[in-house]
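I would like the entire structure built from these sequences, with the hints used as guidance.
Protein chains in written order, with my numbering: chain G, 1 to 114; chain B, 1 to 109.
A portion of the hints provided could be inaccurate.
To be verified - Within a straight-line C-alpha distance of at most 20 Å, the following computed SDA-like cross-link-like pairs (lysine to any residue) qualify:
1) G:57 x B:29
2) G:3 x B:36
3) G:71 x B:94
4) G:55 x G:75
5) G:53 x B:93
6) G:3 x B:41
7) G:57 x B:94
8) B:108 x B:29
9) G:18 x G:67
10) G:57 x B:27
11) G:71 x G:54
12) G:3 x B:45
13) G:57 x B:30
14) G:53 x G:77
15) G:3 x B:40
16) B:81 x B:108
17) G:57 x B:4
18) G:57 x B:28
19) G:3 x B:38
20) G:13 x G:110
21) G:3 x B:11
22) G:57 x B:92
23) G:53 x G:26
24) G:55 x B:94
25) G:3 x B:42
26) G:57 x B:2
27) G:55 x B:26
28) G:55 x G:70
29) G:55 x B:92
30) G:57 x B:93
31) G:57 x B:11
32) G:55 x B:10
33) G:55 x B:93
34) G:3 x G:13
35) G:53 x B:94
36) G:57 x B:3
37) G:57 x B:25
38) G:55 x B:40
39) G:3 x B:44
If you are wondering where the hints come from, they were derived from the structure by calculation, not from laboratory data.
Since the structure is predicted, the reported quantities are computational estimates derived from the model, not experimental observations.
Listed here are the chains, written in short residue letters.
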Amino acid sequence: DVKVTQSSRYLVKRTGEKVFLECVQDMDHENMFWYRQDPGLGLRLIYFSYDVKMKEKGDIPEGYSVSREKKERFSLILESASTNQTSMYLCASSPGSNSNTEAFFGQGTRLTVV
Amino acid sequence: GQSLEQPSEVTAVEGAIVQINCTYQTSGFYGLSWYQQHDGGAPTFLSYNALDGLEETGRFSSFLSRSDSYGYLLLQELQMKDSASYFCAPTGNTGKLIFGQGTTLQVKP
Numbered sequence: 001d002v003k004v005t006q007s008s009r010y011l012v013k014r015t016g017e018k019v020f021l022e023c024v025q026d027m028d029h030e031n032m033f034w035y036r037q038d039p040g041l042g043l044r045l046i047y048f049s050y051d052v053k054m055k056e057k058g059d060i061p062e063g064y065s066v067s068r069e070k071k072e073r074f075s076l077i078l079e080s081a082s083t084n085q086t087s088m089y090l091c092a093s094s095p096g097s098n099s100n101t102e103a104f105f106g107q108g109t110r111l112t113v114v
Numbered sequence: 001g002q003s004l005e006q007p008s009e010v011t012a013v014e015g016a017i018v019q020i021n022c023t024y025q026t027s028g029f030y031g032l033s034w035y036q037q038h039d040g041g042a043p044t045f046l047s048y049n050a051l052d053g054l055e056e057t058g059r060f061s062s063f064l065s066r067s068d069s070y071g072y073l074l075l076q077e078l079q080m081k082d083s084a085s086y087f088c089a090p091t092g093n094t095g096k097l098i099f100g101q102g103t104t105l106q107v108k109p
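Dropping the structure here:
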């Protein structure tokens, strides 16, 4: 079974804290993604990585950074958490081929910033 | 730039057919995917169109017209378990996957 694993299902952090959300995939996929999902807003892309140490900003990168030091791991970093970053965060991965773009998602991390 | 439009809500009865439309503007467009997400669950892949035309997978079909920047998902013989959110997601030539706001489908008995 293919798997994308996010390190936490639920997380509560304080305003101003530095927060790390970890994601690991076991499918040797080239592409990895971080999205946030809020009611009525769908899934919004924060960052995308197409190779180790390569990244591309998504639609809402402000307040976030990412790290991809190894192919299987993609970390999302909230440099200084704020209450408007309270959300569901979803990690996904997909092959690097344009003929197979199926993305697999983790179960999500519900982050609450208080 | 990029934009994506699909209806926010659709309601249909069991056994019916429903079509969810999607119009997009994506730089370096390569193909269009569809995903399903049940409440509390993660999105799961349904289909992918890289070429114009219809792709059929069981009760679900997906259509793409690249010249019109338009696609749709067709769900036939609706079942209660099809109640979910459906997202169209254009893929750019870098593999970047963008989702829209999604369409909430409610299937009634």
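Structure-based check of each hint:
{"no.": "1", "hint": "G:57 x B:29", "result": "holds, 17 Å"}
{"no.": "2", "hint": "G:3 x B:36", "result": "holds, 18 Å"}
{"no.": "3", "hint": "G:71 x B:94", "result": "holds, 17 Å"}
{"no.": "4", "hint": "G:55 x G:75", "result": "holds, 11 Å"}
{"no.": "5", "hint": "G:53 x B:93", "result": "holds, 19 Å"}
{"no.": "6", "hint": "G:3 x B:41", "result": "holds, 15 Å"}
{"no.": "7", "hint": "G:57 x B:94", "result": "holds, 12 Å"}
{"no.": "8", "hint": "B:108 x B:29", "result": "violated, 36 Å"}
{"no.": "9", "hint": "G:18 x G:67", "result": "holds, 14 Å"}
{"no.": "10", "hint": "G:57 x B:27", "result": "holds, 14 Å"}
{"no.": "11", "hint": "G:71 x G:54", "result": "holds, 10 Å"}
{"no.": "12", "hint": "G:3 x B:45", "result": "holds, 14 Å"}
{"no.": "13", "hint": "G:57 x B:30", "result": "holds, 19 Å"}
{"no.": "14", "hint": "G:53 x G:77", "result": "holds, 15 Å"}
{"no.": "15", "hint": "G:3 x B:40", "result": "holds, 18 Å"}
{"no.": "16", "hint": "B:81 x B:108", "result": "holds, 10 Å"}
{"no.": "17", "hint": "G:57 x B:4", "result": "holds, 18 Å"}
{"no.": "18", "hint": "G:57 x B:28", "result": "holds, 16 Å"}
{"no.": "19", "hint": "G:3 x B:38", "result": "holds, 18 Å"}
{"no.": "20", "hint": "G:13 x G:110", "result": "holds, 11 Å"}
{"no.": "21", "hint": "G:3 x B:11", "result": "violated, 33 Å"}
{"no.": "22", "hint": "G:57 x B:92", "result": "holds, 13 Å"}
{"no.": "23", "hint": "G:53 x G:26", "result": "holds, 18 Å"}
{"no.": "24", "hint": "G:55 x B:94", "result": "holds, 11 Å"}
{"no.": "25", "hint": "G:3 x B:42", "result": "holds, 12 Å"}
{"no.": "26", "hint": "G:57 x B:2", "result": "holds, 14 Å"}
{"no.": "27", "hint": "G:55 x B:26", "result": "holds, 19 Å"}
{"no.": "28", "hint": "G:55 x G:70", "result": "holds, 13 Å"}
{"no.": "29", "hint": "G:55 x B:92", "result": "holds, 14 Å"}
{"no.": "30", "hint": "G:57 x B:93", "result": "holds, 15 Å"}
{"no.": "31", "hint": "G:57 x B:11", "result": "violated, 35 Å"}
{"no.": "32", "hint": "G:55 x B:10", "result": "violated, 36 Å"}
{"no.": "33", "hint": "G:55 x B:93", "result": "holds, 15 Å"}
{"no.": "34", "hint": "G:3 x G:13", "result": "violated, 26 Å"}
{"no.": "35", "hint": "G:53 x B:94", "result": "holds, 15 Å"}
{"no.": "36", "hint": "G:57 x B:3", "result": "holds, 16 Å"}
{"no.": "37", "hint": "G:57 x B:25", "result": "holds, 18 Å"}
{"no.": "38", "hint": "G:55 x B:40", "result": "violated, 29 Å"}
{"no.": "39", "hint": "G:3 x B:44", "result": "holds, 12 Å"}
The structure fails hints 8, 21, 31, 32, 34, 38 (numbered hints given earlier, in ascending order).
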